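Visitor: Chain by chain, the residues:
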Amino acid sequence: DAGVIQSPRHEVTEMGQEVTLRCKPISGHDYLFWYRQTMMRGLELLIYFNNNVPIDDSGMPEDRFSAKMPNASFSTLKIQPSEPRDSAVYFCASTTSKTGIYEQYFGPGTRLTVT
Amino acid sequence: SQQGEEDPQALSIQEGENATMNCSYKTSINNLQWYRQNSGRGLVHLILIRSNEREKHSGRLRVTLDTSKKSSSLLITASRAADTASYFCATAGSGGYQKVTFGIGTKLQVIP
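Note that the protein sequences, when read in sequence, are chains A and B. Under my numbering, the residue at position 97 of the first sequence is numbered 108, and the numbers go up by one with no gaps. Under my numbering, the residue at position 82 of the second sequence is numbered 836, and the numbers go up by one with no gaps.
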């Protein structure tokens, strides 16, 4: 399996622009998570899905952030409009409920810089 | 707020020495997991210990869990330069196994 795939790996954008981050989870996994990692706040859970349905979005910082999962193999995290404080590394992770262990498999991350 | 807090935040040791990292958490848990993150990479799952277990081994890793003290430790024996990474504990609470909360991490440097 190719693992969790994220794109782009790096994104540099100007304040006010729309940013879309993409994730392909591991095939067969029924949970998908979006995290944000910064030096100041560590690794924060933004939102997670189960069977394509958003379960908990309490970590989404503001209305400027939105996430979708139109099917089992694709999810997006959108920031509109972007601000410099959104600069961070964004990770997507997936897991399966079949084993009862729920170990999460992380993608390589997208490093977002908003200038 | 972060559920788990690792201690120390940074650790530097010589290759061949053992490395011990600690994690404390606040609320009751179903399980506790340890992850490793190499610089510029995503996190990689290392080991899981359930709330009814006290100790678990995997290769050079040994994890202990003390639910009465709400703490866990990760021991890496005979460290190697390749063990240089950040290590995070993650706790799954009573709400379910799927949602975990990560600590702030311990940055381990193993000097060859």
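For the record, the hints were derived by calculation from the structure and aren't laboratory data. Note that the structure is a prediction, hence the values are computed from the model and not measured. One or more of the hints may lead you astray.
If you want the footprint, here are the derived chain A segments under chain B, 3+ residues with CB under 8 Å [as the list claims (entries may be wrong)]:
#, segment
1, 25-34
2, 53-59
3, 113-122
Restraint ranges, calculated between C-beta atoms of paired labels, are given here [claimed, not checked]:
#, chain 1, residue 1, chain 2, residue 2, range
4, A, PRO92, B, ARG808, 47 to 57 Å
5, A, THR126, B, ALA764, 24 to 34 Å
6, A, GLU25, B, THR831, 47 to 57 Å
7, B, ASN806, A, THR124, 13 to 23 Å
Virtual Cβ for every residue (Gly too), placed ideally from N, Cα, C.
Visitor: Run every hint past the structure and note whether it holds.
Guide: Okay, the hints, checked on the actual structure:
1. 25-34: The restraint on the segment 25-34 of chain A is violated, since only 0 of its residues have a Cβ under 8 Å from chain B and three are required.
2. 53-59: Since three or more residues must qualify, the claim that chain B covers the segment 53-59 of chain A holds, with 4 doing so at under 8 Å.
3. 113-122: Contact hint for the segment 113-122 of chain A vs chain B: holds, 8 residues under 8 Å.
4. A:PRO92 with B:ARG808: 47 to 57 Å: holds, 50 Å
5. A:THR126 with B:ALA764: 24 to 34 Å: holds, 30 Å
6. A:GLU25 with B:THR831: 47 to 57 Å: Holds, at about 49 Å.
7. B:ASN806 with A:THR124: 13 to 23 Å: Violated, since ASN806 of chain B and THR124 of chain A (Cβ atoms, about 45 Å apart) do not stay within the stated range.
When held up to the earlier numbered hints, the structure conflicts with 1 and 7 and fits the remainder.
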